[in-house]
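Asker: Produce the entire structure from the sequences given, and follow the hints as far as they go.
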Amino acid sequence: MFVGHYAGALAAKAIEPRAPLWSYVLACQAMDIAWGGLLIAGVEKASVDHSLPGSALILSHMPYTHSLPAAALWSVAVATALVLLLKLPRRAGLFIGLAVLSHWLLDFLVHRPDLPLIWSGPKVGLGLWNHAVLEQAVEMGLLGMAGAAWAWRRGQQGHGWAGAVGFLGFLLVLQVVPMLKPLAGDPVGLGGSAVATYLATCLVAVFVEPRTGKARV
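Note that the numbering used here gives residue 141 to position 141 of the sequence shown, counting from 1, and the numbers run on in steps of one.
Derived from the structure by calculation, the hints contain no laboratory data.
Accuracy of the hints is not assured; some may be wrong.
As the list claims (entries may be wrong) - Just the calculated beta-carbon pair ranges, DEER-fashion:
no., residue 1, residue 2, range
1, GLN156, ARG90, 22 to 28 Å
2, ARG18, TRP161, 18 to 24 Å
3, LYS181, SER60, 21 to 27 Å
Think of the CB as a built atom: it goes at the ideal place given N, C-alpha and C, for glycine as much as any other residue.
Answerer: Structural data, given as structure tokens:
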């Protein structure tokens, strides 16, 4: 799961628009941003096997970012931090937390059994990665539905369609590029490219947000 994670961000923004788009975009990939940093530091472990069907990632050790308890803790931590930093209403904080948690739930659909149920316990994952066409269909379907809901909400608020179309187009480009360029095989390259991509997407989301004179419309 890559850009399909942004379905959680766009759905949350459509339902609760008072938080800025970038905060939801950050939230839905917060676990992977942390994963990239811990991968670079050597705390969590991953490798690449291009002979695998679908995703080439082998995620062998990631209890601090992708276990179910960690996902719950990241949800609370990110939501609390953004509510305090941006002075958001509690309902917006709730949806930020749900956007974080959606990351684990969507990973559960596609990952091979590499998501720890507890810090070091049994690992789960339904394995759609092993069926590349089906996985892409699910990912694009989720993104398409959430993107349509978000674009409709923007229209209801009197904003044009250009920003929504541009952002969704940007996400599609992000999805295609890894198919054309193999993943970096070393942890530093893999983690660094992940963090850079996710933070760049947050920056793009800042510029997509309509300028209305209010920070969180």
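Asker: Against this structure, judge whether each hint is valid.
Answerer: Hint check:
1. Between GLN156 and ARG90 the beta carbon distance is about 23 Å. The supplied range of 22 to 28 Å therefore holds.
2. Distance hint for ARG18 and TRP161: a CB-CB separation of about 21 Å, consistent with the stated range 18 to 24 Å.
3. Between LYS181 and SER60 the beta carbons are some 23 Å apart, a value that agrees with the proposed interval 21 to 27 Å.
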